[in-house]
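Chains as they are written, first to last, in numbering that gives the first Met the number 0: chain W, 0 to 285; chain A, 0 to 427; chain X, 0 to 321.
Hints are not guaranteed to be accurate.
What the hints assert, rightly or not - Covered by chain A, per the in silico footprint, the following chain W stretches (three or more residues, Cβ under 8 Å):
#	segment
1	111-119
2	157-170
Claimed, not checked - In the SDA-like style, the derived pairs of lysine to any residue whose C-alpha atoms are separated by at most 25 Å in a straight line are:
#	chain 1	residue 1	chain 2	residue 2
3	A	K401	X	G82
4	X	K219	W	Y67
5	A	K34	W	Y10
6	A	K401	X	L245
7	A	K426	X	E86
8	A	K424	X	L81
9	A	K426	X	W310
10	A	K424	X	V63
11	A	K319	W	A16
12	A	K422	X	K311
13	W	K140	A	K319
14	W	K174	X	L242
15	W	K141	A	I188
16	A	K401	X	I207
17	X	K231	W	D9
18	A	K247	A	L165
19	X	K316	X	Q181
20	X	K311	W	D9
21	X	K219	W	E4
22	X	K127	W	L33
23	X	K172	A	I188
24	X	K231	W	V21
25	A	K49	W	A16
26	A	K401	X	K311
27	X	K127	W	Y67
28	A	K422	X	Q181
29	X	K231	W	R113
30	A	K426	X	I56
31	W	K141	A	E321
32	W	K14	X	F229
33	X	K316	X	L245
34	W	K14	X	K125
35	X	K95	A	N206
36	X	K219	W	A16
37	X	K219	W	K141
38	A	K411	X	L91
39	A	K422	X	K231
40	A	K422	X	R85
Since the hints were derived computationally from the structure, they do not count as laboratory data. Even glycine gets a Cβ: it sits at the ideal position worked out from N, Cα and C.
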Amino acid sequence: MDLREEQARDYRIRKGALRALVYAFLILAAVISLFPLYWMLLTSLKPAEEIFVFPPTFWPSRFAWENYIAAWNSSPFGRYYLNSIIVTFFTTGAHVAFACLTAYAFVCIRFPGREVVFMAFLGTMMIPHVVNLIPSFVLLKKLNWINTYRGLIVPHVISVFGIFLLRQFFMGVPKDYEDAAKIDGCGRLGILWRMYVPLAKPAISALTIFSFYHVWNDFFWPLIITSTDDMRTLQIGLRYYIDAEGGSGWELVMAAGTMVVAPVLLAFFLLQRQFVRGITMTGLKG
Amino acid sequence: MKKKTGMRVFCAGLAAMLGLAVFVLVPASASAAEKQELVVWHSKATDRGKVWAKLVEDFNNSHPDIKVTATYQGGYETTIQKVTTAIAANATPDVAELPQSYGIPQFAESGRLLPLDGFLTKEDKADFYEPAIARYTYKGKIYAIPNAVSTSLLYYNVDMFKEVGLDPNKPPQTWDELVAAGKKLTRDINGDGKIDKWGLVSHTTVNYFLYAFIAENGGELFDSQGNPVFNSKECVEAFQYWSDLVHKHKIMPPLTHTAANKLFIAGTAGMMYQSTGFMETLDRSVGGRFQYKVAFMPKKKGYGTDIGGTGIGIFKSNPKREAAAWTFVKWMTDTERSAFWSEKTGYIAARKSSHKFPSHVKFLEANPNNRVAAEQLPYAAVQYAAKADGIIYKPIGDLSEKIESSATVDIKKELDQIVAETKAKMKQ
Amino acid sequence: MNNADLGKFSGSVAGLDSAAIDALNRRLMRRKILQEAVTGYLFILPALFILVAFWFIPTFYAFVVSFFRWDFMNPVKTFVGLGNYRELLTSLEFWKVMWNTVYYMIGAIPLAMFFALVLALCLNEKLKLLAWFRTAAFAPVVASIVAMAAVWMWMYDPINGLLNYFLQLCGMKPLKWLTDTQLAMPALILVDIWKHTGYDMIIYLAGIQSIPDSYYEAAKIDGANAWQRFWKITWPLLGPTTLFILIISVIQRFQVFSMVHTMTKGGPVQATDVIVYYLYEKAFVNFEMGYAFAVAYVLFLIIFAVTVIQWKVGAKKVHYGR
């Protein structure tokens with residue numbers, strides 16, 4: 000046999016083996032990742048008397064859709080959905096837009112106090128939010144923003160995490176690119192929009208996903224700031240339901256949990272395709 | 000050029016978002032109403048929340064000059080947190096249902112919570128069971144009217160009692176009888192050297208059971224001056240009893256409080272310390288697979304139990320609002336409503352007169368478990384609201400866990416230390 | 000980053016005497032610097048405004064309160080100077096919860112980052128069902144912690160929990176998980192790794208995908224194998240990403256709260272009592288707000304110091320490519 004052919008075959012075998020290993024690892028990871036979610040879904044569909052049976056069943060004896068009806072009717076979940084969507088939409092949009100602007104300034108514009116301001120921004124992440132709860136509530140009361148969308152959204156429109164994330168990515172953009180764009184006569188916003196945003200598309204997609212689920216899952220702030228059902232978000236509905244039913248009505252809690260988690264999972268599944276496409280469009284390939 | 004368009008789209012998108020933001024964020028205009036509107040916070044969810052809503056509806060229908068809007072604010076811990084924040088920011092509701100567990104003294108000292116003594120008649124005050132009203136009494140003033148009272152009870156599985164030859168009509172009445180029954184119930188059925196059936200489990204509110212044990216043994220947490228005295232001989236014995244249940248008699252699995260409900264529901268535990276408020280959930284979850292009954296918490300020197308639940312308090316505003324608020328609170332906690340609430344939720348009515356109310360007499364006859372709960376209430380410890388309620392909660396909880404996980408804890412020494420720390424904190 | 004490259008404007012104007020050039024240059028430079036400063040602040044203005052109004056001011060207020068003995072409700076507050084700080088630094092409990100927090104971080108961060116990197120490398124391959132794998136790996140991250148904590152609590156159940164069922168199937172003894180003083184913290188760490196790996200993975204993935212393919216092609220031509228390509232290209236170029244994940248992880252894990260609050264309440268016997276849960280209980284159960292805020296500020300100083308150290312060390316080791 001020709002030596003080169005043998006080498007090629009060797010390579011193919013090694014590659015095949017590696018690929019099999021990768022698949023095995025991914026399947027294992029997927030199973031571990033998804034199992035608790037499957038267990039949540041499964042529990043939510045079990046009839047109440049099947050919950051505490053031991054050994055546990057891995058498929059419900061019948062689909063107990065009534066759990067969902069009971070969970071849905073326990074509080075105005077429709078309104079909670081609407082509020083969660085409104086709050087998540089605006090907050091996430093603002094996170095991304097302001098993070099682009101701010102991160103760009105931190106990387107590309109030289110202004111006095113830049114490092115200090117950046118560290119101060121970063122500092123806000125290092126103070127536990129529990130500490131801020133009461134003082135910000137006092138402030139919002141003075142503004143008369145309690146139990147309003149403004150109160151829910153405005154204090155949280157800046158994501159320091161997002162600024163930090165994009166800053167790290169913008170710093171990876173070669174400096175000559177910007178100089179070239181400058182010579183082309185681009186303004187600052189133009190450079191940001193035409194150069195940095197496309198180049199950092201994977202990071203921006205990642206930030207969108209992070210912000211989306213983070214805002215969607217935020218609990219403490221909406222809990223404190225809202226006091227009526229027409230302002231509450233899904234997480235509060237869920238937490239209240241767990242407060243009330245936790246420890247006994249697992250099938251109901253899990254039904255509510257599934258209702259709350261499903262939209263985020265779906266959104267991620269759809270967004271991550273964008274995320275992938277964003278990468279192939281960056282022009283960095285090849 | 001194409002890129003310029005992208006830029007424009009980006010800007011237009013941003014502008015549209017801001018525009019929408021303005022639209023969404025416009026405040027709702029306040030409607031001018033002639034009625035006295037009252038904002039009420041309560042802490043009862045799901046089915047009990049529905050009973051609350053029903054009562055509020057009845058109140059609004061029968062009081063044309065007042066409009067009450069009641070909203071659920073979360074479980075007890077969350078409610079206390081929200082009330083704290085509201086007081087700090089001066090954004091309190093008119094009326095709030097306040098848990099007895101901790102916080103009443105701090106709320107009272109903030110000056111925002113209205114003392115209700117002026118509104119209550121002598122007959123009213125005498126009509127409340129003292130243990131119930133005491134939890135809302137701070138420095139001699141009443142700050143909330145008990146509307147939902149619970150106590151700890153001994154739940155037991157009738158079928159399991161029969162299985163091991165215990166008489167289900169004679170539940171254990173003393174600490175010793177409890178141990179004896181527990182030993183019979185604790186079994187290794189399949190012979191693998193591992194216990195499959197436990198005698199006793201206790202729900203997560205361990206502190207309350209310990210407070211109850213202290214009362215049963217004739218001790219108290221705080222003396223009449225409010226000083227912590229839970230390092231007394233009686234208290235040490237109560238904690239020792241807790242230790243013995245796990246280590247000496249081995250009838251209670253250690254540190255399984257979050258699983259207690261489940262174990263009892265699954266028929267794995269024969270007896271359980273739990274709140275009176277658990278009956279309706281239990282009825283639903285057991286679903287007739289076995290029969291259960293409740294009994295007084297077994298006595299040592301005497302019967303005793305602890306108090307849980309909520310009272311309704313009023314926040315200061317102006318005399319007109321406060322008067323309207325009192326009209327509501329008075330109505331919610333009157334004889335008839337107390338009885339109604341108890342019948343619908345399983346809580347115990349705090350008024351003696353409610354227990355003589357015709358519908359309630361019938362209800363208690365038909366529901367022997369609720370009757371046991373009601374009959375136990377007068378034996379509950381009289382424990383006035385104390386500023387240190389919150390301070391001692393965690394150390395005592397930690398100590399109970401320590402005791403469960405090790406048989407060699409020096410209880411006296413530990414309690415001495417917690418008392419000393421509590422005293423130091425209270426002096427500050 | 001310094002102002003050195005502004006110097007390239009000097010000398011570009013020919014045919015003028017040097018003093019005039021200097022003056023012009025200085026003016027130009029000053030204008031340029033001023034312009035840059037104004038533009039810079041305009042760009043960060045929205046963020047600056049919101050953060051000052053809703054974060055700096057309230058946090059500063061909390062800082063002031065940390066010098067008082069106050070429950071945030073009582074009309075009377077007692078100034079105690081550094082009393083709260085002295086009290087907490089001499090309290091055994093504080094150091095115990097601090098240690099618990101560090102234990103948690105050491106347990107969770109390296110493993111989560113390691114799994115995340117491996118996953119990201121696998122998911123960067125062109126594989127079938129890629130989108131599904133990616134979604135699966137990220138699913139734990141997006142699922143609300145409250146709901147997931149409930150599921151895990153149940154799986155950890157010491158009597159008839161699912162994990163014990165599996166252990167028994169494998170012929171092992173059931174464990175007490177969250178109710179065992181030794182096992183409770185590792186059990187929480189396991190949930191943390193489960194929950195956060197996908198998060199780190201996404202950032203790694205974004206980082207890997209930002210590396211130009213041309214680098215790899217060049218290496219392939221040089222005959223580098225996959226292992227060498229990883230160590231010579233991927234790993235160094237992921238430096239900023241790794242540093243970012245590390246810093247963020249430390250900041251976030253120092254403040255772990257929700258999971259402890261829902262799953263263990265700091266128990267059993269304080270085995271899982273972490274710093275933010277400790278301060279939460281001080282603030283909302285004991286009503287010792289001043290003390291709680293002092294704890295928060297000590298925590299802040301610690302996180303800040305650790306971040307700066309990572310930053311400095313990282314700056315030496317990390318290659319930003321500019």
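Tested hints:
1. For the segment 111-119 of chain W, the proposed coverage by chain A is not satisfied: 0 residues have a C-beta within less than 8 Å of a C-beta in that chain, short of the threshold of three.
2. Residues of the segment 157-170 of chain W with a Cβ under 8 Å from some Cβ of chain A number 0, which does not satisfy the need for three, so the listed coverage is violated.
3. With a CA separation close to 30 Å, the supplied pair K401/A and G82/X exceeds the 25 Å bound.
4. For the given pair, K219/X sits about 55 Å from Y67/W by alpha-carbon distance, which is inconsistent with the 25 Å threshold.
5. Pair hint K34/A plus Y10/W does not hold up; C-alpha atoms about 84 Å apart against a cutoff of 25 Å.
6. Between K401/A and L245/X, the direct Cα distance comes to roughly 36 Å. Violation of the 25 Å bound is thereby established for this hinted pair.
7. Using a Cα cut-off of 25 Å, the hinted pair K426/A and E86/X holds, with the two alpha carbons roughly 14 Å apart.
8. Pair hint K424/A plus L81/X holds up; C-alpha atoms about 16 Å apart against a cutoff of 25 Å.
9. For the proposed pair K426/A and W310/X, the alpha carbon gap of about 44 Å is over 25 Å, so the pair is violated.
10. Of the supplied pair hints, the one linking K424/A and V63/X holds, its CA atoms being roughly 21 Å apart against a limit of 25 Å.
11. Restraint check: the Cα-Cα separation between K319/A and A16/W comes to about 81 Å, which exceeds 25 Å; the hinted pair is violated.
12. A distance of roughly 46 Å separates the Cα atoms of K422/A and K311/X; the hinted pair therefore is violated under the 25 Å criterion.
13. About 23 Å separates the Cα atoms of K140/W and K319/A, which keeps this hinted pair within 25 Å; it holds.
14. Pair hint K174/W plus L242/X holds up; C-alpha atoms about 21 Å apart against a cutoff of 25 Å.
15. In summary, the hint linking K141/W to I188/A is not supported, as the alpha carbons are separated by about 65 Å, beyond the 25 Å threshold.
16. Taken as a hint, the K401/A and I207/X pair is broken in the structure, with Cα atoms around 49 Å apart against an allowance of 25 Å.
17. Distance restraint check for K231/X and D9/W: the Cα-Cα separation of roughly 24 Å lies within the 25 Å cut-off, and the hinted pair is therefore satisfied.
18. At roughly 22 Å between alpha-carbon atoms, K247/A and L165/A fall within 25 Å of each other, so this suggested pair holds.
19. Annotation: proposed proximity of K316/X to Q181/X is violated, straight-line Cα distance about 37 Å (limit 25 Å).
20. Simply put, K311/X and D9/W have alpha-carbon atoms about 46 Å apart, too far for the 25 Å limit, and the pair is violated.
21. Pair hint K219/X plus E4/W holds up; C-alpha atoms about 19 Å apart against a cutoff of 25 Å.
22. Note on K127/X and L33/W: the hinted pairing holds, with a Cα-Cα distance of about 18 Å set against a maximum of 25 Å.
23. With a C-alpha separation of about 17 Å, the suggested pairing of K172/X with I188/A holds against the 25 Å cut-off.
24. Between K231/X and V21/W the CA atoms are separated by roughly 21 Å; this keeps the pair inside 25 Å, and the hint holds.
25. Restraint check for K49/A and A16/W: the C-alpha separation of about 62 Å exceeds 25 Å, so the hint is violated.
26. For the suggested pair K401/A and K311/X, the alpha carbons sit about 43 Å apart, so the restraint of at most 25 Å is broken.
27. Note on K127/X and Y67/W: the hinted pairing is violated, with a Cα-Cα distance of about 34 Å set against a maximum of 25 Å.
28. Using a Cα cut-off of 25 Å, the hinted pair K422/A and Q181/X is violated, with the two alpha carbons roughly 32 Å apart.
29. A threshold of 25 Å between alpha carbons decides the hint, and for K231/X with R113/W the separation of about 33 Å lies outside it, so the pair is violated.
30. Straight-line distance between C-alpha atoms of K426/A and I56/X comes to about 32 Å, which puts the hinted pair past the 25 Å bound.
31. For the suggested pair K141/W and E321/A, the alpha carbons sit about 23 Å apart, so the restraint of at most 25 Å is met.
32. Taking the CA atoms of K14/W and F229/X, the gap is about 16 Å. The hint holds against a cut of 25 Å.
33. Among the hinted pairs, K316/X with L245/X is consistent with the structure: their alpha-carbon atoms are about 14 Å apart, no more than 25 Å.
34. With a C-alpha separation of about 13 Å, the suggested pair K14/W and K125/X falls inside the 25 Å cut-off, and the hint holds.
35. For the hint pairing K95/X with N206/A, the CA-to-CA distance comes to about 23 Å; that is within 25 Å, so the pair holds.
36. With a CA separation close to 20 Å, the supplied pair K219/X and A16/W stays within the 25 Å bound.
37. Between K219/X and K141/W, the direct Cα distance comes to roughly 64 Å. Violation of the 25 Å bound is thereby established for this hinted pair.
38. Straight-line distance between C-alpha atoms of K411/A and L91/X comes to about 20 Å, which keeps the hinted pair within the 25 Å bound.
39. A C-alpha spacing of about 63 Å is found between K422/A and K231/X, which places the hinted pair above 25 Å, so the restraint is violated.
40. Between K422/A and R85/X the alpha-carbon distance is near 18 Å, which keeps this suggested pair within the 25 Å criterion.
In this structure, the earlier hints numbered 1, 2, 3, 4, 5, 6, 9, 11, 12, 15, 16, 19, 20, 25, 26, 27, 28, 29, 30, 37 and 39 are contradicted, and the remaining ones agree with it.
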